[in-house]
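Each protein sequence line maps, in turn, to chains A and B. All letters in the first sequence, in the order written, are residues 1 to 677 by my numbering. All letters in the second sequence, in the order written, are residues 678 to 1235 by my numbering.
Because the hints were derived from the structure by calculation, they are not lab data. Predicted model only: the values in this text are computed from it and were never measured. Cβ atoms here follow ideal geometry from the backbone N, Cα and C, with glycine treated the same way. Among these hints, one or two may not hold up.
To be verified - Calculated cross-link-like contacts (lysine-lysine; reagent style DSSO-like; alpha-carbon spacing at most 30 Å):
(1) 1186/B with 459/A
(2) 33/A with 1091/B
(3) 290/A with 33/A
(4) 290/A with 100/A
(5) 953/B with 1186/B
(6) 125/A with 185/A
(7) 1091/B with 953/B
(8) 340/A with 399/A
(9) 1185/B with 290/A
(10) 508/A with 738/B
(11) 1186/B with 290/A
(12) 211/A with 1091/B
To be verified - Non-contacting residues of chain B with respect to chain A, defined by C-beta distances greater than 10 Å in every case (computed):
(13) 709
(14) 748
(15) 808
(16) 871
(17) 990
(18) 1003
(19) 1194
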Amino acid sequence: MSKVEKKKLLTGPILRGAVKDSFIKLNPVTMMKNPVMFVVELGTLIVLLMVLAPGYFGAEDAVGFNIAVLVILLFTVLFANFAEALAEGRGKAQADTLKKTKQDIAANKLSSGGIKVVSSSELRKGDIVVVSQGELIPGDGEVIEGLASVDESAITGESAPVIKEAGGDFNSVTGGTRVVSDEIKVRITSEPGESFLDRMISLVEGAKRQKTPNEIALNTLLISLTIIFLIVVVTLRPIAAYLNVDLEIPVLIALLVCLIPTTIGGLLSAIGIAGMDRVTQFNVLAMSGKAVEAAGDINTMILDKTGTITFGNRMASEFIPAGGAGEEEVAVWAAVSSIKDETPEGRSVLELAKRLGYSYDFGLADQGEFIEFRAETRMSGLDLADGRKVRKGAVDSIKAWVNAQGGSVPENLETLSSGIAGKGGTPLAVAVDSTIYGLIYLKDTVKPGMKERFDELRKMGIRTIMCTGDNPLTAATIAAEAGVDGFIAESTPENKIEVIRREQQEGKLVAMTGDGTNDAPALAQADVGLAMNSGTTAAKEAANMVDLDSDPSKIIEVVAIGKQLLMTRGALTTFSISNDIAKYFAIIPAMFTLAIPQMERLNIMGLGSPSSAILSALIFNAIIIPLLIPLAMKGVSYKPMSSTSLLRRNIFVYGLGGIIVPFLGIKLIDLMVSLWI
Amino acid sequence: MGIVQIIVVIAILVLLVKPVGTYLYNVFSGEANRTDRIFGGIERGIFKLGGLSRREGMSWKKYALSFLATNVALVAFGYLVLRLQGALPLNPSGIGRMEESLTFNTVVSFMTNTNLQHYSGETGLSYLSQIIVITMLMFTSAASGFSVAAAFVRGITGQKSLGNFFEDFVKAHTRIFLPAALFLTLVLVALQVPQTLKPTMEVATLEGGTQQIAIGPVASLESIKHLGTNGGGFFGANSAHPFENPSPLTNVIEILAMWTLPASLPYMYGLFARNKRQGWGVFAAMMTLFVLLLSLNYYAEMKGNPQITAMGVDVSQGSMEGKEVRFGVPQSALFTAVTTAATTGSVNNMHDTQTPLGSITPLALMMLNNVFGGKGVGLMNMLMYAILAVFLCGLMVGRTPEFLGRKIEAREMKLVAVAILIHPLIILAPTAAAFLTDLGQGSISNPGYHGLTQVLYEYVSSAANNGSGFEGLADNTVFWNVTTGVVMLLGRYVSIIALLAVAGSLMKKQPVPETIGTFRTDNGLFTGILIGTVLIIGALTFLPVIVLGPIAEHLTLW
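Start from the sequences and build out the full structure, keeping to the hints where you can.
Below you can see the structure in the form of structure tokens.
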């Protein structure tokens, strides 16, 4: 997340670009895509005509008022365009950074006659290139020979290089990344213009942005509300004319613009773009806005145990003495055996000893000779300068080693070690020469905070299922510790599809993460499939999201972003529609007061004059758009809680707030406007 | 004392909701139950006659088509009889054929359950027409409405199919309207409502002159008029006439007769949804809006008219202009609210003479058209608003909006948009058109703000298929007959078909299981949201015309 904070929300160039774009977007052809704002633009044009040719419309005495209406209407449209342009601008800025990465790269193409240097744009699917240390990889592909560390910071922002090697799940490379050591042969897997980088650029640029199903449905509603209010306003003139109440066209347009949902209409596309953008900022690449929305609807989440829920390596969690030894002796000798051990297991033994407060003589290591772990011996340790040999390793191997030196095995060792195995852990025995002191309990450790995350998910109504290759006993232990709702032990990629299908048949939406080729079918089947960037091309193709940081637990945040996107849309819609009450109370009495003086009694807000009331409502309607841009871009705040408490809170803030705020806002604006007219 | 009368009637209604709602569920759920033994035999006979031995579930299109075809056939039949009534039997008073545009208006009015009456019953219809057209349509239109409502509820609650229109239509008659009407007729006859086929009586008055007193089969018409929320009276004066509604007791019975069935439908819906709280939530929203608007009418009528007070008239009883002394303000206010909420359209007092603020109540209830509402349609409209509320606020819990476990997506929103749009369109557009022409303006008897309300009321009543008249409008002209006829047709069929399509589309969706993250529609919070949505979307639309009509009139009077 630290990276995200570094990226500034707004920069000078983005702002300047957005201002320019908001004028370009005034083009009616563009505006028509947003029918609500298009109606406002049409109204603006009508008022413009009345200002230019007041004689023709018989509006000579209202020129000043009409000009004011014209200016406010124009700003209403511009503000809405600005919101959209701003959201797009941020995407474009990101795309520009990416485009710098996508330059023409010289590629060493392997052909029958040896290596030929060609431009990366000439590479086709199936071509094989050789990339050496310091060179850029010319296109997306798979490593078919060799091993290299690759700097992918251009795409992921992560500076630590990653290892790519032929075969297995770490063979895919992305064009534009740099090989920092060794040499690899890469088979190109994409045609020019269709590479991962190209797709990424077009996604963040929003060029191919399509309205999501939910956006289309909401748009339908906004259009029908616009039509309803159009009917209200158009019919009002003849009806009022019967009463000899003459309603001026600019006043009717003002009423219309205030009533139609311009606030949400102006911000709707910005919310969608910003939602996608938040996902991108989070270093997750969503292939469509639909996928992000689907993430908000997830009912079940399928997570791999290793790497997602647990660290995947086994960590020391307890020292268990055997025979007549004490815990301290086990701890000290275990630590001594691990002083020079660089494996995660060895590190974790030292950490545990330190945490438990045991001190040991670090100096022993300097003189001692480190014995590395080997598959044949299945133990590692230290030969001390004084001749003592310290070992830790698999229980059977240590027993044999001790027996060979004529030592004896403590009677309770067997019981203790099978006890650890029974709980899903791995026992390591610790011995010095012919004496076994006890065991190290190695455990697959749940990442810190996972339990809380799962609790949060449960509050959102999402069920978590853990998949693991472990036996049921081990799986149950980890599942209980992590607090997942269910688990599948001894699972294969095939079971995952079965689970997904089963859940989907019950009408649930399923999210999962994966990286291997054998995960691809399940990723494709899931409603939200998050592939790891480090994974295979097949997995990335099948998924609808790719995590550039390759952190599988991010799926949880993606769900939160999806929910936040939908909530922001709902909150601003509710706010926009609730605003109508106050606008009615401002404009209706004002419209009729001239002809029917008694209407003044409906002026409950005590607004200065009919013209100031209408202008104030219109001004409020316009400036609420830019005021809400930050909310539309950042999204409404979201804390996991039950839907009922979430709804109560949002209804209170955006529903009730939407009713009250415009009363205050319009009154305040009226106080200022009244000074002038 | 007046308030106590009102509270007692509401309390009786609330007590009736559960048993009646359960009965309705038994009728339409298709599950075998005890009532099959009573009605099963007759129904089997009818099904056999109609060639309906296999009654398969229908798709929404087939259901809508069956509904439309049945209605078209009944309209054609009704039109022929009214045009030929002069030559047909059972016409002791020798009433001639009805004029073309009036016939169109009358038949459409009764088929759409509106019962807007541009004719006067005593002089415009033969006894045969009263029985085989008017009374028959009162049964069939109510049964049609009930059938589509049952189909709609089946669809949104995810039953196996929308059901079979003909089966629903027959069952609505045999199990609901015929037995209930028979029972109510007998009760009304016992309470002095006439029921005879004798011609108009000629009696000698004390002054020595003669007077014509119209009588006829009143009780039978009166019962189905209210049970089917039809509202078309036997006499022009409708339920204010002493033969239609002789006493406060018959008044209460008639109120409950028109109110109980629509008010029980939400409970039936709760049973279909397998969650009674869903039903009670909708009921609570309806009742809250009802009590609010009833209170407005009662308050305004009790306060009276200052100009009449200034004339030295005693207003301790409230504004009695246009009201029957035997009912008083409380019984009149309640009747007004119920008849416009349940879109019956019968009147026991002249809405035209209500105080300006008081007249907002009938107008608003018809503009909303979902507070209990007419046979089935009120529930459908309220559920449509529920879908809308779910869509607006459901997003705020961060999920694609779901209603009863089914996602509300673009297709449903398009159909709901049609249903929402049509109501203001067919009220405001013809109202504006009427003011643009002399044909419309010429009929206004009371120019100014009140005249505006007269015209508005006429179209609101037509669009909501209510049929009550504000009166005072000379509405038996070709212009009014045709425009209100068209409005009634659109008001009834467009939204019903759109909502049946919604039901058909929701039914096909895979239900999403409910979790703690699901937007709940069965608690008080949702009831509040529903009321808010109805008020903001449904009511604000009409605020400008309400301000120009009754509110302007009120402000200039006080």
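Structure-based check of all given hints:
1. 1186/B with 459/A: holds (26 Å)
2. 33/A with 1091/B: Answer holds: residue 33/A to residue 1091/B is near 17 Å, not above 30 Å.
3. 290/A with 33/A: Holds, at roughly 19 Å.
4. 290/A with 100/A: OK: residue 290/A and residue 100/A at ~28 Å, within 30 Å.
5. 953/B with 1186/B: holds (22 Å)
6. 125/A with 185/A: holds (14 Å)
7. 1091/B with 953/B: holds (29 Å)
8. 340/A with 399/A: Within the cut-off at roughly 23 Å; holds.
9. 1185/B with 290/A: Judged against 30 Å, a Cα distance of about 21 Å means the pair holds.
10. 508/A with 738/B: It holds: about 29 Å lies between the C-alpha atoms, which stays within 30 Å.
11. 1186/B with 290/A: Answer holds: residue 1186/B to residue 290/A is near 18 Å, not above 30 Å.
12. 211/A with 1091/B: Roughly 16 Å separates the two Cα atoms, so the pair holds.
13. 709: holds (29 Å)
14. 748: About 27 Å separates residue 748/B from the closest Cβ of chain A, which puts it past 10 Å; holds.
15. 808: holds (41 Å)
16. 871: Its Cβ never comes within 10 Å of chain A, the nearest being 43 Å, so this holds.
17. 990: holds (24 Å)
18. 1003: holds (36 Å)
19. 1194: Violated: least Cβ distance 3 Å, not greater than 10 Å.
Hint check: a violation occurs at hint 19 only; the rest are consistent with the structure.
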